[in-house]
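Number of protein chains: 2
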Amino acid sequence: VTVHLVGAGPGDPDLLTVRAARLLAAADVVVHDRLAALATALARPGAELVDVGKAPGGRAVPQDAIDGLLVDLGRSGREVVRLKGGDPFLFGRGGEEALALARAGVPFTVVPGVTSAFAAPAAAGIPVTHRGLSAAVTVVTGHRAGDGATDWDAVARLGGTVVVLMGVATRGAIADRLVAAGMDPATPVAAVRWGTRPDQEVLRCRLDELGAAPVEAPSAIVVGAVAALDLGALAPLAAARG
Amino acid sequence: VTVHLVGAGPGDPDLLTVRAARLLAAADVVVHDRLAALATALARPGAELVDVGKAPGGRAVPQDAIDGLLVDLGRSGREVVRLKGGDPFLFGRGGEEALALARAGVPFTVVPGVTSAFAAPAAAGIPVTHRGLSAAVTVVTGHRAGDGATDWDAVARLGGTVVVLMGVATRGAIADRLVAAGMDPATPVAAVRWGTRPDQEVLRCRLDELGAAPVEAPSAIVVGAVAALDLGALAPLAAARG
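So the protein lines, in turn, are chains A and B. Numbered by our numbering, the letters in the first sequence go through residues 2 to 243 in order. Numbered by our numbering, the letters in the second sequence go through residues 2 to 243 in order.
One should not assume that every hint holds.
No copy labels: a pair is met if it fits in one copy or bridges any two.
[Unchecked claim] The list that follows gives simulated cross-link-like pairs (lysine to any residue, SDA-like), each with its CA atoms no further than 25 Å apart:
| no. | residue 1 | residue 2 |
| --- | --- | --- |
| 1 | K55 | T188 |
| 2 | K55 | R207 |
| 3 | K55 | T142 |
| 4 | K55 | R132 |
| 5 | K55 | A182 |
| 6 | K55 | A226 |
| 7 | K55 | D231 |
| 8 | K55 | G133 |
| 9 | K55 | D73 |
| 10 | K55 | A174 |
In short, the hints are calculated from the structure, not lab data. Bear in mind the structure is a predicted one, so any value in this text is a computation, not a measurement.
Make the full structure from the sequences, and use the hints.
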């Protein structure tokens with residue numbers, strides 16, 4: 002096996018999996034996104050680092066170019082780690098990369114990671130499910146909020162927690178849609194930026210304040226009763242390093 | 002800090018986080034569930050292991066007894082790892098344990114884990130989101146499928162992937178509800194038992210066949226177009242060990 006599609010977790014390199022850390026330590030090449038940048042510190046000294054992430058305001062490397070790069074690197078016989086923020090199969094386009102490798106006959110493995118969708122809220126003291134408050138959680142992308150792929154009325158009616166990833170730019174429109182579909186305008190919201198990292202920022206507001214709130218990308222936006230919780234106030238994740 | 006609420010990941014101990022492995026290696030006491038049993042192999046030799054999991058057909062330790070045990074252990078000054086299958090804040094009742102510790106004034110940390118809800122499908126070659134097939138994923142518990150906490154009509158209408166945890170016993174009723182709410186009876190379903198473990202089993206069927214299909218607990222049940230994919234056929238996770 003030469004190509005590993007690896008989840009880098011939510012940001013703190015301590016939250017990589019044991020397997021991910023081992024593969025990084027043995028890698029010849031690491032192809033990474035912006036959100037996985039911190040974890041490249043765990044790569045073998047001398048490993049080639051290829052940044053295919055989108056810089057703020059910059060241009061992203063097209064997905065088919067990344068697919069082609071992975072196929073080429075895989076055929077070169079080098080040990081390749083494709084390092085993706087969070088989990089490779091949750092909005093990570095890992096499925097597309099896996100398909101491209103499979104079609105090219107390049108062997109690969111998939112290494113699940115800790116998803117930011119749940120870990121960023123956790124780092125802010127928010128459990129995405131909690132007895133009596135939420136018995137379901139929906140993770141949606143805000144990236145294509147208007148294209149009809151997501152039935153926001155159904156999201157609003159579901160009655161559980163909603164986590165929006167890549168939704169900073171569209172947060173106002175999403176909030177409007179959810180309120181129009183019947184969600185309480187006073188529903189608690191928490192936006193967690195750089196969750197689990199030392200520079201983590203948490204902003205809390207009501208759903209009808211989300212559009213005007215100063216939320217910056219990348220943030221995980223949590224909508225629902227659990228967003229009012231702060232179980233971690235006594236014990237931020239950083240304390241675990243002590 | 003004396004108590005750590007730690008996610009053990011989906012089953013394969015190689016998918017623990019680096020921090021979880023380190024905390025286990027230093028633990029005096031490990032309080033674990035059945036689903037986290039394999040990971041106790043990483044505990045410090047000599048560490049006390051306390052199994053509070055529910056054996057098949059057996060009785061579970063009541064949650065308030067677990068809460069009380071964690072508070073008592075935390076006050077004893079020993080290094081306590083509360084090891085929970087998957088992620089502690091996704092149907093792990095980690096929120097309740099965190100609250101109990103906070104109320105008792107016992108310092109604690111939360112260590113997110115790789116959730117079975119996404120990793121079990123991944124281990125079966127199924128990405129929970131995939132371009133053109135699914136732009137959202139909802140994780141629900143089947144444990145209290147009939148108590149009204151979840152709006153199954155909304156789940157059916159959402160148009161994304163649905164992952165049901167703890168839903169083996171209620172799978173027939175859930176499938177009926179989803180079909181009644183308009184979901185295509187031919188919607189692909191995959192039930193992944195012991196996902197990521199060597200004894201992993203994958204059963205695939207149509208939604209209207211789920212009730213009669215021989216699914217055994219514990220399984221993650223994936224409903225949606227992505228459940229027909231098998232991206233991992235060429236490269237099971239076990240291959241990564243090679």
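Each hint tested on the structure:
1. K55 to T188: Neither way: K55 and T188 sit 32 Å apart in one copy and 35 Å across, limit 25 Å.
2. K55 to R207: This pair counts as neither: shortest intra-copy Cα distance 30 Å, inter-copy 39 Å.
3. K55 to T142: Only inside one copy: K55 and T142 sit 17 Å apart there, 36 Å across copies, limit 25 Å.
4. K55 to R132: between (38 Å within a copy, 19 Å between copies)
5. K55 to A182: neither (33 Å within a copy, 40 Å between copies)
6. K55 to A226: neither (33 Å within a copy, 29 Å between copies)
7. K55 to D231: neither (32 Å within a copy, 29 Å between copies)
8. K55 to G133: between (40 Å within a copy, 22 Å between copies)
9. K55 to D73: Within. Shortest intra-copy distance 21 Å satisfies the 25 Å Cα cut-off; inter-copy 49 Å does not.
10. K55 to A174: within (23 Å within a copy, 45 Å between copies)
Violated hints, in rising order: 1, 2, 5, 6 and 7; the structure is consistent with all others.
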